[in-house]
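Chemist: With the hints as a guide, dock the two chains, each given alone in a separate frame, to form the complex.
Protein sequences appear in the order of chains V and E. For the first sequence, the working numbering assigns the number 1 to the initial residue and increments by one for each residue that follows. For the second sequence, the working numbering assigns the number 1 to the initial residue and increments by one for each residue that follows.
Just so you know, these hints were derived from the structure itself, not from any lab. There could be a bad hint or two in this list.
[To be verified] Under 10 Å between C-beta atoms, here's a sample of chain V residues computed to sit facing chain E:
#  : residue
1  : 25
2  : 26
3  : 28
4  : 29
5  : 32
6  : 33
7  : 34
8  : 35
9  : 73
10 : 74
11 : 75
12 : 76
13 : 81
14 : 84
15 : 88
[What the hints assert, rightly or not] In silico lysine to aspartate or glutamate, EDC-like type, Cα no more than 20 Å apart, as pairs:
#  : chain 1 : residue 1 : chain 2 : residue 2
16 : V       : 79        : V       : 101
17 : V       : 73        : E       : 72
18 : V       : 79        : V       : 56
19 : E       : 86        : E       : 57
20 : V       : 36        : E       : 58
21 : V       : 73        : E       : 78
22 : V       : 16        : V       : 56
23 : V       : 51        : V       : 7
24 : V       : 132       : V       : 7
All C-beta atoms, glycine included, are put in the ideal place defined by N, C-alpha and C.
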Amino acid sequence: MSQEAVDLAIIVRSDKPESVYPAFILATTAAAMGMKVEMFFTFWGLKAITKGGADDIERSFYEELRSRGFEPKGLPRLKDLIAMAQGSGSVKIYACSTTIEAMGISREAILEGCPIVGAATFLAKHGKTGSKVLIF
Amino acid sequence: MSASEKRVEELPYRVEKVIDARGMMCPGPVLMLSSAISQLPSGAVVMVLARDPAFEEDLRSWAIYTGNKIIEIRRDGENIIAYVRKR
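Here chain E stands alone, though its shape is the one from the complex (with noise of 0.2 Å):
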């Protein structure tokens, strides 16, 4: 986590919240991402660890679906990070 975090410093933009669904296959990761950004304010910003090889695609079906923007995704190993602002 501490490179990630690092990096959430970093970020041109605040992350309100980080979730880290690394070791959940699907849903896991689209749930918990669905769950955190119900509870946030729209504009609000959500990274997304998760390492189910199917993530990156569900969470740009998940995006286009729901409305919500993938501001950048990325991978680092098996490990896929998102960055999520809820419309």
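Next up, chain V with everything else stripped away, as it sits in the complex (with noise of 0.2 Å):
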């Protein structure tokens, strides 16, 4: 990780489209904002950065709002807010290495340019920048 300063940290523990979609929305609009953003996605939230992944959260998230009579209107693509996200330069998104070896997921089935670090990693940059922390 690297030792500039931190706005905010997002931790993703969730693959539910309600932690998913607001972690990423807040994530690019801070970059938007100027801010720079760190995001930690450990547990089910993993899913978010594998490969596919987002499509997934997507599809699950549509199906439901369909089931309860709402129509998907004006959401960008999840996969969108992630590509804006990585492509902001403002943006930086880790995997856990726990999640990755507990769950069997290979390196290969994470995005790109999303590397995996531990707690201590995140925590000691974090703990001493002071920045602010969401956690979905």
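Modeler: Here it is as structure tokens:
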């Protein structure tokens, strides 16, 4: 992990749409406001940064919306939000090493550009810089 | 768009780029604006069209935070029309 100051740390531990969408909406918007963001994906949240994971999450969300009588409208594509976050230059995305081991996920299954790190790496940095932390 | 295009010609400043974010909800309009602004030189003016009812307040917050200047913001029916000058 780099040692430059970070404004916002976002921890995503769930693959539910209500966790993953707001996490990326806030990350991309923070980047648009000039903030530096780091995202850490752990437990079920890791799915969001696996290849094809965003599409699965989006599909299940749309199915749920339709089953409740809503037609999805005006929502950005989840994979576009992730691409925007990655392309912004202001959002860094990290994958939790323990989750990867515990779930038997291969490194190749994780999106490109998402380093695999441990808790100490994440904490050491954010403990010192005093970044705000959001947990989803 | 024709009314908006006509309006652009009447403005006392030159609009470098028009962003049509109607149909996009948060964070779409702010992200489109931010992306466009990042590719323009200082002083350039961007016109944004949006319908997200949260956009006006979002735009004001974004502008204060980033230091970009809102030249004009108005509502035309459900459309929000804003002109932003890059810092």
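Chemist: Could you run down the list of hints and mark each one as holding or not?
Modeler: Hint-by-hint comparison with the structure:
1. 25: 5 Å, holds
2. 26: OK, holds: residue 26/V within 10 Å of chain E, min 8 Å.
3. 28: With Cβ-Cβ at 6 Å, under 10 Å, it holds.
4. 29: 4 Å, holds
5. 32: Holds - the Cβ of residue 32/V comes within 10 Å of chain E, reaching about 3 Å at its closest.
6. 33: Because about 5 Å separates residue 33/V from the closest Cβ in chain E, which is inside the 10 Å limit, the hint holds.
7. 34: 5 Å, holds
8. 35: 8 Å, holds
9. 73: 8 Å, holds
10. 74: 4 Å, holds
11. 75: Hint holds; residue 75/V Cβ to chain E Cβ min 7 Å, cut 10 Å.
12. 76: 6 Å, holds
13. 81: 8 Å, holds
14. 84: 6 Å, holds
15. 88: Given a least distance of 9 Å, the restraint on residue 88/V holds.
16. 79/V x 101/V: Between residue 79/V and residue 101/V the Cα gap is close to 24 Å, so the pair fails against 20 Å, i.e. violated.
17. 73/V x 72/E: 28 Å, violated
18. 79/V x 56/V: Holds, because 10 Å separates the two Cα atoms, which is no more than 20 Å.
19. 86/E x 57/E: 18 Å, holds
20. 36/V x 58/E: 19 Å, holds
21. 73/V x 78/E: OK: residue 73/V and residue 78/E at ~17 Å, within 20 Å.
22. 16/V x 56/V: 10 Å, holds
23. 51/V x 7/V: 27 Å, violated
24. 132/V x 7/V: 6 Å, holds
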